[in-house]
Amino acid sequence: AQSVAQPEDQVNVAEGNPLTVKCTYSVSGNPYLFWYVQYPNRGLQFLLKYITGDNLVKGSYGFEAEFNKSQTSFHLKKPSALVSDSALYFCAVRDDIHIAGNMLTFGGGTRLMVKP
Amino acid sequence: DAGITQSPRYKITETGRQVTLMCHQTWSHSYMFWYRQDLGHGLRLIYYSAAADITDKGEVPDGYVVSRSKTENFPLTLESATRSQTSVYFCASSEGLTVGGYTFGSGTRLTVV
Chain R
129 AQSVAQPEDQ
139 VNVAEGNPLT
149 VKCTYSVSGN
159 PYLFWYVQYP
169 NRGLQFLLKY
179 ITGDNLVKGS
189 YGFEAEFNKS
199 QTSFHLKKPS
209 ALVSDSALYF
219 CAVRDDIHIA
229 GNMLTFGGGT
239 RLMVKP
Chain U
100 DAGITQSPRY
110 KITETGRQVT
120 LMCHQTWSHS
130 YMFWYRQDLG
140 HGLRLIYYSA
150 AADITDKGEV
160 PDGYVVSRSK
170 TENFPLTLES
180 ATRSQTSVYF
190 CASSEGLTVG
200 GYTFGSGTRL
210 TVV
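These protein sequence lines map, in sequence, to chains R and U.
FYI, in my numbering the residues of the first sequence are 129 to 244.
FYI, in my numbering the residues of the second sequence are 100 to 212.
Extracted from the complex, chain R is given alone in its bound form:
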């Protein structure tokens, strides 16, 4: 079975500082990893994904994520946080073995608060 853990319910950071939102995963095969962002009263929006290749993945709005196979982690990062980055962030994983259903498993979400 596949699973995702986001160990922090909330992350607080000052505007202009770097931010990290943590994600660890568990899969049987190779992981397909995703980050989504949810703004208030909106659906989830795709930020970035890791399928294969470079361990550092760049995505929308200046976000990036680093895949670390040995630590089974896929932490989301941004060099300089903006107040407008404040939102709920979800990490998701799919195991490449279980193709049928194409289902993603989501973490519980981490609320990012960026203060001016």
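Zero decoy hints are in this set.
Under the rule of at most 20 angstroms between Cα atoms (straight-line distance), these lysine to any residue pairs were calculated in the SDA-like manner:
1. Lys186(R) <-> Lys197(R)
2. Lys156(U) <-> Gln130(R)
3. Lys150(R) <-> Leu138(U)
4. Lys156(U) <-> Ser183(U)
5. Lys156(U) <-> Ala129(R)
6. Lys177(R) <-> Pro207(R)
7. Lys156(U) <-> Asp223(R)
8. Lys150(R) <-> Asn140(R)
9. Lys110(U) <-> Pro168(R)
10. Lys150(R) <-> Lys205(R)
11. Lys205(R) <-> Val139(R)
12. Lys110(U) <-> Arg170(R)
13. Lys177(R) <-> Ser131(R)
14. Lys150(R) <-> Asp137(R)
15. Lys156(U) <-> Met231(R)
16. Lys110(U) <-> Asn169(R)
17. Lys110(U) <-> Thr210(U)
18. Lys177(R) <-> Ile225(R)
19. Lys156(U) <-> Ser131(R)
20. Lys169(U) <-> Asp152(U)
21. Lys150(R) <-> His140(U)
22. Lys177(R) <-> Glu194(U)
23. Lys150(R) <-> Gly139(U)
24. Lys186(R) <-> Leu216(R)
25. Lys177(R) <-> Gln130(R)
26. Lys177(R) <-> Val155(R)
By construction, these hints were calculated from the structure, which means they are not laboratory data.
Go by the hints and put chain U onto chain R.
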């Protein structure tokens, strides 16, 4: 979220009533999904569909029914609503057996009183 729409955006219903949440996508994506979002639980999969007339249960299917007679529509029905089904419901679609992610609708906030 252009291309995948959910209706209604907000719904209040009484315990025991049947209620249907609608989801429509315009991309002809093969896969469609229903999730519920609850505080402390994140997103949990209710049902999914790999194609028209093919549906399967997710993690929390009890109390829900789905159908997919057309590729673009994937309605979710609560046959007899309970207060535990108060939640925000998200529909999503995906191109198919690819490594792409999902595209989500804006959600339906359902309150069962």
